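Engineer: Place chain B with the ligands on chain A using the hints.
What follows is the residue order along each chain.
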Amino acid sequence: MTPPKAATAETLDGGAPVGGTEELISGSEAVAHAVRLADVDVLTAYPIRPYDTVMQYVSKLIADGEFDCEFIVAESEHSQFEIVKHASTVGARVFVGSSGVGWLYAFEALAVTAGLRVPMVAMVGNRALDDPGAFGVEHNDALAVRDLGWMLCWVATAQEALDTALIAYRVAEDPRVSLPCALSCDGAFLTHSQSIVNVPDQATVDSFLPPYDRKEKLLHPDNPITIAPQANEDWVMEIRKQSDAGMRRARDVITEAYDDFGAKFGREDEPFIERYMMEDAEIALVGMGTLAMPVKVAVRKMREQGQKVGFVRVRWFRPFPVEELQDALGGVAAVGVIDRDYGLGSAFYGGVLAGDLRTALYPLEDRPKVVSFIAGLGGREINTDNVITIAGMVSDAAEGGTTDDQDTYWIGVRE
Amino acid sequence: MSETTVEGFGEFVETQVLDAWKGPKKVPHEEFFTSGHRTCQGCESAQLMKLMAKAAGPRTIILGATGCMYVANTTYYSTPWAVPWMHTQLGSAGSAATGTAAGLKALMRKGKMKDEPINVISFCGDGGGADMGLSAISAALQHTEYNHLILMYDNESYANTDIQVSGSSPYGAHTTFSAPGKVQRIMNRRWKKNTAAMLAAGHPDCKYVATVCTSNPVDAMNHVRKALSIGGPTFIHSLDPCPKGWDYDPRYSHELGELAIETGIWPLYEVVEGELKMHGKSRRILRGQLKRKPVEEYLMRQGRFAHFVQEDIDYFQGKIDQMWEEWLIPGVIPFSAGEES
Ligand SMILES: Cc1ncc(C[n+]2csc(CCOP(=O)(O)OP(=O)(O)O)c2C)c(N)n1
Ligand code: SF4
Ligand SMILES: [Mg+2]
Chain A
2 MTPPKAATAE TLDGGAPVGG TEELISGSEA VAHAVRLADV DVLTAYPIRP
52 YDTVMQYVSK LIADGEFDCE FIVAESEHSQ FEIVKHASTV GARVFVGSSG
102 VGWLYAFEAL AVTAGLRVPM VAMVGNRALD DPGAFGVEHN DALAVRDLGW
152 MLCWVATAQE ALDTALIAYR VAEDPRVSLP CALSCDGAFL THSQSIVNVP
202 DQATVDSFLP PYDRKEKLLH PDNPITIAPQ ANEDWVMEIR KQSDAGMRRA
252 RDVITEAYDD FGAKFGREDE PFIERYMMED AEIALVGMGT LAMPVKVAVR
302 KMREQGQKVG FVRVRWFRPF PVEELQDALG GVAAVGVIDR DYGLGSAFYG
352 GVLAGDLRTA LYPLEDRPKV VSFIAGLGGR EINTDNVITI AGMVSDAAEG
402 GTTDDQDTYW IGVRE
Chain B
715 MSETTVEGFG EFVETQVLDA WKGPKKVPHE EFFTSGHRTC QGCESAQLMK
765 LMAKAAGPRT IILGATGCMY VANTTYYSTP WAVPWMHTQL GSAGSAATGT
815 AAGLKALMRK GKMKDEPINV ISFCGDGGGA DMGLSAISAA LQHTEYNHLI
865 LMYDNESYAN TDIQVSGSSP YGAHTTFSAP GKVQRIMNRR WKKNTAAMLA
915 AGHPDCKYVA TVCTSNPVDA MNHVRKALSI GGPTFIHSLD PCPKGWDYDP
965 RYSHELGELA IETGIWPLYE VVEGELKMHG KSRRILRGQL KRKPVEEYLM
1015 RQGRFAHFVQ EDIDYFQGKI DQMWEEWLIP GVIPFSAGEE S
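Protein sequence lines correspond, in order, to chains A and B. Just so you know, the first sequence maps onto residues 2 to 416 in our numbering. Just so you know, the second sequence maps onto residues 715 to 1055 in our numbering.
You may find that some hints are simply not true.
Claimed, not checked - With a cut-off of at most 16 Å between alpha-carbon atoms, the simulated EDC-like pairs for lysine to aspartate or glutamate come out as follows:
1) B:K828 <-> A:D214
2) B:K824 <-> A:D214
3) B:K826 <-> A:D223
4) B:K826 <-> A:D40
5) B:K768 <-> B:E745
Unchecked claim - Negatives, chain A to chain B, calculated, CB over 12 Å:
6) K61
7) L149
8) D175
9) S196
10) S208
11) Y213
12) D261
13) G267
14) M294
15) A399
16) G401
What the hints assert, rightly or not - The following label-pair restraints were derived from C-beta to C-beta distances:
17) B:R997 <-> A:F136: 52 to 60 Å
18) A:N224 <-> B:E1025: 54 to 62 Å
19) A:D148 <-> B:V897: 45 to 53 Å
20) A:N224 <-> B:Q1036: 49 to 57 Å
21) B:V986 <-> A:A64: 32 to 40 Å
Everything labelled a hint here was simulated from the structure, so no lab data went into it. Predicted model only: the values in this text are computed from it and were never measured. Quick reminder that beta carbons are idealized off the backbone N, C-alpha and C, glycines included.
Chain A on its own, in the form it takes in the complex (with noise of 0.2 Å):
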């Protein structure tokens, strides 16, 4: 990994200031960038692959003396989860991360992460769960925690990596929020593969993120506290509507994180989601992560074919953006959904964000269909061929045809 060049500053068109260096590293080295600017204080590693060359990039830049952080290579990844818990309540920013059964292997860890509203951030490189031992990405891994009180988002490049990183560490430590962050990159997809990243310089990220302060629940002789005490049906209820709380305020903090962040950095996101060609679109398709690439792709082709279709990615699953998918969505007649991910017994058999748009579509009055479909597990590619294949259901769906909106359908698989 090499350290940034001197930072240079220019100014873009809307006239924002942005230094930094442009480089062409891969979605792991993007997020090792943002946890040096992060300044970050401790992080522990594990090693499971994709995620664990994050924390190649990391050691290697405290080795070469760029960053100052306590690095532990724990035992498992329970301890791994454990220690930066236990770090973050003393005050330390920290840093963790894992992929498939490394993740499940400190579930117990994620979930007290979450019930004590330790705000951290974690990278999951997303990976197939064991077995058959696969390497390459799914959603189940993190999609795992996704009732516990995790802010899960997922990202589609390099950039979106290292600019997501930064804003979770701000809505995370937000004190109205205190909530850990899993940003989750597409193994191999995102993980391993190299584009050109704005790596923003030193100044405009602190501009942007204050330091973490714990103020009353810092645990510090000073500040003489009991955390975590044992709670009964007599507390437990009001603890975990706190929690609730914390999520419902999320909203808010991250559109104002990604407000702030636009005028720092001069890269304006949409918060919660990215639409692609949805401005007349009679049917949209929907997913998460890598998947975006040979999507857009597709409904470009489909589009020149004079086919109006559209392409909405979820950035962000909890908070789940309901009222953002609801101003995307509600004016299709069909809605084809991408899961990297399967929902065994679920309903209709669906992917998990099948179920969770279904859910928040619901409500509106003239609803679109919603079909669901899984695709691209285990790592195996989504092509613009299966994109156009799943477009031509929806339509037919949106025709009254024979798709069925309650059956779920795998694409580019085997019989």
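Structural biologist: Coordinates of chain B with the ligands only, in the frame set by chain A:
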């Protein structure tokens, strides 16, 4: 106590200097584990908590793993802890110590927190420490740049969940997972795990490992003080009679602790920077100045061994005799030198 190796994050940081208290009269009155807990009467683990907190003093952070010393101590809104305290998961005592110490170290080095030595103590039961959390404790003892003490309070069962057998329960003990039945009298055939010695032998860079018993309160406190002063990660294993799990009248807690030492079941020793020292009555046993009491005297005072017949007592006595007569280091290292060596 400070010691500097390389620049940067591998550097050692200072500890508090906590000298030994010479006798009970020198011990301050101030308590940091106060009212508000609801452990059983005669609970020696609660006694250990009190001694540990007193020994460490006010500039201390304490982490506690799930178990009786969490559930019975820290009921929401009635904490007994006058120092900062935080729960950690059942198998996380090692990780809690490492994370807390690492966080403090990073913040102080980077100028984000006032630089001062703060004691970090992480406690766990035998279930949490000798079973579930063993790998995390082992890892914590390898990170020599962090100062902390891991204190394992050993009541010889998973007590909080209703007294189940753990890897630290004695042979044959009656627990709710090892109740004697019509066909099988002995359901727990495992010999108690030799945790302190295992950790001392397995982590040569760890500067301090000790065993204690609260039947010697000043001694127990001085071991805590030594562990916190010496620097780096340290480990203390305490044997805590538990009236509920061992089934005896609470008034005999101290007496049973003493009997465990006098019968040789519980050797008191410390390993200081690689050097082993027996202390108290255990040293006198080792030197032949004190004759070990028959283990029957200890076993038959407890309901958990009430189903023992002579054969079981003899087996138990035989194992203890081996500890003192055949082990390479009596009471500590359980191999004999092989013929080739
Ligand atoms: C991961 C996990 N598994 C099981 C439990 C249930 N549990 C709660 S307390 C406890 C007993 C722990 O025994 P020990 O560490 O010896 O402490 P003691 O209760 O004896 O004080 C158990 C098994 C838990 N809290 N967490
Ligand atoms: S069961 Fe044993 S360890 Fe638990 S509170 Fe009672 S005496 Fe103490
Ligand atoms: Mg126990």
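Engineer: Any hints from earlier that this structure breaks? Give me their numbers in increasing order, please.
Structural biologist: 11
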